[in-house]
Structure formats: structure tokens, C-alpha cells
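Student: Sequence:
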Amino acid sequence: MALKLKPAGKVLIIAAVVATGILAVRWYQNRPKDVNGSIEVGKVALPDAPEASLQGNAVQLPLPGDEQAVNGGTSITWERMAWNSQFSGMYANGGVRTTKGSLFDKAHLDVTYIRQDDCNKQMADLVKFANDYKSNPNATGVLITFMGDGMPAFMTSLAKELEPLGPEYQPIIIPVTHGKSFGEDQVMGPLSWKQDPKNALGKCVAGVLRDGDINILLKWAGDNGLKVNPDETTYDGNAINLIAANDFLDAPNKYITGYTEKRKLIVNGKTTGTDTTVGVDAVATWTPGDVNVATKKGGLVSVASTKQYASQMSNQTIAIKRWANDHRTDIENMIIALAQAGDQVRSFNEAKKFAAEVSTKLYQEQNADYWLKYFNGIEEKDIQGLKVNLGGSAVFNLNDMANTYGLGDDKVDRYKAVYNTFGNLMVKMYPTILPSFLPYEKAVDKSFLFSVISNHPDLLQGKAIEAKYAEQITEAVSSKSYKIEFETGSANIKSGSYKLLDEIFESAVVAEGLKLGVYGHTDNQGSDDVNVPLSHKRAESVKSYLLKKGLKQNQIEAKGYGSEKPIADNSTESGRSKNRRVEIVLGQ
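Be aware that the sequence shown starts at 978, since it is given in the numbering used here, and climbs by one per residue.
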């Protein structure tokens, strides 16, 4: 049985009513017309590799048993897609339904997992539960889990649908966070795209539109200043074009089989009435879609993935506000159990293998070795001999949860950066369908996690996942120039550029798996004795600002090149203006 679509970003199926089944939206009519210009999506950027979190005298807990628990605890149905980031949840529950001796059993919870890969069905079930719970407080609780980058649209849709029930029955994201995708979701493209991202212009990428994997493409394109054509019925030779796939396995299959389709050619934002035929040059997919590409045709490498944009796809859970507040102790106990499970899975292979076995029982396909292999992630050679990275997930302990929501030592709210980044991106790409999104402060309730951290500091002993950065960037994933304003002849940043710097900060947070290069450049007016030190000081000023915001010292490198690397003609004022810039590079 083939794996089904992970609901990361069917993110814009938001205009439909959930209770009666959310309807798919037809985004653009297939006829000659005025069309929106291809969009420069802007920067979108995301934390890194798991390792043993418990050190020294760490104690491995006894593995849960097979017998169903009978603890009289709160009954919960928890719907989730097939996704390896949930290994800690598999371990904590002990089985598809809570088993004796499991961490959820000790927390007096009776949790039944249901595999549900259709995000529309998950949201419909949550809406039905909200209606049931309002009339029957004893109704079995329902939780649903999606990927973090898709939440702005999901939450906006749910909030609108649940509005008639009143504010107590609004959806909230509770920080019951298992982990994140760490490589398995990726854009696979020709090697030439890595060598020069501009080689992607005029090419076509197959993927599930408005999906999390396409979000990776949009993020990579934005970081490189590349335009994306959001209309899947037209072709723009000066942008990256999207080809719609039915699911994440259909996307690589279109590449493998040589799929083509006719498109209306657009020039200067308007269709020309001329048709052109396009094919699939790259794909956005996840495991085992990437495996199919590698073994059946090959020729594509990982252009960008959640190994680099490592905060993008954290595992996020939605509850109904009234139920969550009525069961505050249960949620806090759930967080405690998942935090302990994260440490166990990260630190002991037996716990990790156990989680893989539960995954097999829940997903009803493949075997434990399969889920374990792609949880860890591997590097293999494809059929053409190219090295490819396949799979990769990570689970969280309490420190990781704290860091995700801005409750860690550095106070950086990583998930806020992700939520706002992708919410704004969807508004920019599809303003008619999503003119705005539910504010982060209304969407997320961190009080449950804050209580756990305050009352159980002993659980913070586990080491958090940390990004490891090279001494200097040797391989750029993206590069883009910014017009940051400084006082004349000075490295003092003008206040009008603070908003832009804040965007760069969020971009670096969303791409915490990558090192951030800050490179200062000048025009050729004046001598190198002046320009080189000035450009370096300006780069250091930007670095200093980002450090104060919360980035780590070893994540940033700052250099000044003076007039050494112009990007425009220094003989004109327009060209000199372009050369006076700060270049931001994300690399490794």
C-alpha cells in the first residue's frame, strides 16, 4: 500500500466548510486572461540534527507492554498522518491504544491513535467534536496533528468554521510537540540548480500545490530572489513554474514517466494566446517519493530540504479551547510524557526500535526496519550514481519544546517565525483566497508548556538539539542582496531598516540549520583603504543587531569586500546604488 499525502500544506483549502467536507478551490480559470505577475516571494527561512540527549548516568526506562491499559483516565482520539516525527508519541503511548506501563498510562490517559492522512477529514472531525462537546462534556476528546508551516491557513479556516459556537470553542495550537521533519521533505532538482539557482528560471516543479514540500521550494526561491508563477495553467519563462500533482507520489511519478502538459504562454503579466508544452524538471516530495526518483530514474539531487530549513515542519497539535482548558492537567501530563519519550528515543536504540514497531502497527504498512531507516535518514547513490539524501526526522525533549516556543534560554520563538513567515507567504501568493490569517497570539496557547517548565525543571536535563555550523560558509544554499540604509560614511544603521533586519532575523530562525553570511559591499567611489573597512563595519553592525535579537555567535559570519564584487555598472548612479548593499547568504 502506498503512503498517503501528509497534510502539510493543503494549506489553502481554507475557503470551504469543514463540517460538510472542505471543498477544493479552483485557483485559476484555464482561459486567456490578465494574470498576476510572477511573484518574488521574499525570504522564508527555518533549527537541527538530533543526537543522544541524555548523558552520563542516564537511565533507560522499561519498555511498555503489549496489554491494553485500564487506568480509567481521560479518553482521547488522536488523528495523525503517517509521519516519522511522531516516534516519541509512539513510544509514549506504547501502542495504537495506550498500553500498560507506557508513559501515557502512568499519566492516566487513554489515547487511541488513528491514522488519517487527509487533513480535510481531520478538520471535519475536530469541528464535529466541538459541536458534540458543547452539548456533552463527556464526549471523547479529539486532537489533530499537522505540520507547522501549514497551520496559519488551517487555523484560519477552523476559526471561521467554529465561530458560531462562540469563543470558547475556537481552535488552539497546544504545545504537545513530538518533533519535526529533518530532511525527509525536500525539493529534488538538477545539480545545476545548486550550482546556480538562476538555472531554475523557466523550469517546472511538480508537487502538491499549497503543500509543505512546495513551501520548501517557495522558501528557497525567495531566499535566492527568484520569481515563482503561482498559476498552474500558464508558463512564465522568467519564473519557476508549478505543475500540480495529485499527491506526493504522483509528483515524482510525473518526472519519472516524462509527463508533459500544455500551458498558455504569458509575457508581461498577460496570456499571449500561444500554447507551449512543458515537462517536469524537478519535484517536491517526501519519503518514499524521493526514493522512487532515486531508484527509478535518478538525475536529481536535494536542492533544499528540512535538513536545512529545519524548523519549517515541526509537529503541531490542534485542540478545542474549551476542552483544553477543561483538561489542563491532562495536557500538561501529555507534554511531560512526550518530553520523557523524546529523551528515551534520542538516547536509547531500544526505545527508537520500539517506536518504529508501534508506527508499523498504526500505519499498517511496511515494517519496523523501514520506519527506523527513514527516521534516521540515509545517503545513497541513485540509479545514475548521484549521491542523494533520503528520509530524516527528529523528536523533541522538554528543552526542544521550550526552544520551539520562545521559552528557552535565548527567548527566540522559533515557531512564531515559522508561523508568520509562511502565513505571510501564503497571503502574498494567494491574496484572493487568503487575504489574512489568524494571528499567532490567538492561534497558540503556550501556558500549558510554561506550567510544565516552571513546575518540572528536573525534566530539562536532556540536551536540546543544536545546530552545528562550519567555521565559514563553503557552499551557499541561497544568496540575496538587501538595501540596508546606513548613515553616510558610517556603519550606523538607520532606523528605517530595522523592519528589514527583523525579516532577515526571522529568515535565519526559520533556517537555523544553515549558517548566515553577512557580506558588506560598496561602490567604487573612494579608495579601498576606506571602502573595505567601512563595508566590514557595516556587516558587523548587521551581525550585532541579529545577535541582540537572539541569533548565536557561531551562526553568523560577517565580512566586508569593499568594491571588489560589483553586481552592476559603477559608471552610473543606478548601478552604484545597487552595488552599495548587504548580501545575505544562507549556507553550510
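In case anyone wonders, no lab produced these hints; they're calculated from the structure.
Heads up, a few of these hints could be off.
Below, in silico cross-link-like pairs of lysine to aspartate or glutamate (EDC-like), each with a Cα-Cα straight-line distance of 20 Å or less [what the hints assert, rightly or not]: (1) LYS1239 <-> ASP1258; (2) LYS1555 <-> GLU1452; (3) LYS1542 <-> ASP1043; (4) LYS1137 <-> GLU1418; (5) LYS1388 <-> GLU1443; (6) LYS1460 <-> GLU1560; (7) LYS1350 <-> GLU1334; (8) LYS1137 <-> GLU1517; (9) LYS1525 <-> GLU1462; (10) LYS1273 <-> ASP1258; (11) LYS1105 <-> ASP1094; (12) LYS1330 <-> GLU1044; (13) LYS1419 <-> GLU1560; (14) LYS1350 <-> ASP1386; (15) LYS1204 <-> GLU1560; (16) LYS1175 <-> GLU1452; (17) LYS1529 <-> GLU1517; (18) LYS1471 <-> GLU1560; (19) LYS1239 <-> ASP1227; (20) LYS1083 <-> ASP1043; (21) LYS1536 <-> GLU1462; (22) LYS1330 <-> ASP1303.
Student: Each hint: holds or not?
Tutor: Hint by hint, here is what the structure shows:
Of the supplied pair hints, the one linking LYS1239 and ASP1258 holds, its CA atoms being roughly 15 Å apart against a limit of 20 Å. As the CA atoms of LYS1555 and GLU1452 are separated by approximately 24 Å, the hinted pair breaks the 20 Å bound. Taking the CA atoms of LYS1542 and ASP1043, the gap is near 65 Å; set against the 20 Å cutoff, the hint is violated. Between LYS1137 and GLU1418 the CA atoms are separated by roughly 16 Å; this keeps the pair inside 20 Å, and the hint holds.
Between LYS1388 and GLU1443 the CA atoms are separated by roughly 15 Å; this keeps the pair inside 20 Å, and the hint holds. Taking the CA atoms of LYS1460 and GLU1560, the gap is about 9 Å. The hint holds against a cut of 20 Å. Pair hint LYS1350 plus GLU1334 holds up; C-alpha atoms about 12 Å apart against a cutoff of 20 Å. A threshold of 20 Å between alpha carbons decides the hint, and for LYS1137 with GLU1517 the separation of about 45 Å lies outside it, so the pair is violated.
Using a Cα cut-off of 20 Å, the hinted pair LYS1525 and GLU1462 holds, with the two alpha carbons roughly 19 Å apart. Our distance criterion of 20 Å between C-alpha atoms is met by LYS1273 and ASP1258, whose separation comes to about 15 Å. At most 20 Å may separate the alpha-carbon atoms for a hinted pair to count; LYS1105 and ASP1094 meet this at roughly 18 Å. With a CA separation close to 18 Å, the supplied pair LYS1330 and GLU1044 stays within the 20 Å bound.
As the CA atoms of LYS1419 and GLU1560 are separated by approximately 35 Å, the hinted pair breaks the 20 Å bound. For the given pair, LYS1350 sits about 33 Å from ASP1386 by alpha-carbon distance, which is inconsistent with the 20 Å threshold. Of the pairs offered as hints, the one joining LYS1204 and GLU1560 holds, with about 18 Å between alpha carbons and a cut-off of 20 Å not exceeded. Of the pairs offered as hints, the one joining LYS1175 and GLU1452 holds, with about 16 Å between alpha carbons and a cut-off of 20 Å not exceeded.
Between LYS1529 and GLU1517 the CA atoms are separated by roughly 14 Å; this keeps the pair inside 20 Å, and the hint holds. A distance of roughly 17 Å separates the Cα atoms of LYS1471 and GLU1560; the hinted pair therefore holds under the 20 Å criterion. Simply put, LYS1239 and ASP1227 have alpha-carbon atoms about 18 Å apart, close enough for the 20 Å limit, and the pair holds. This hinted pair checks out: LYS1083 and ASP1043 have alpha carbons roughly 15 Å apart, not beyond 20 Å.
Between the alpha carbons of LYS1536 and GLU1462 the distance comes to roughly 17 Å, so the proposed pair stays at or under 20 Å and holds. This hinted pair does not check out: LYS1330 and ASP1303 have alpha carbons roughly 35 Å apart, beyond 20 Å.
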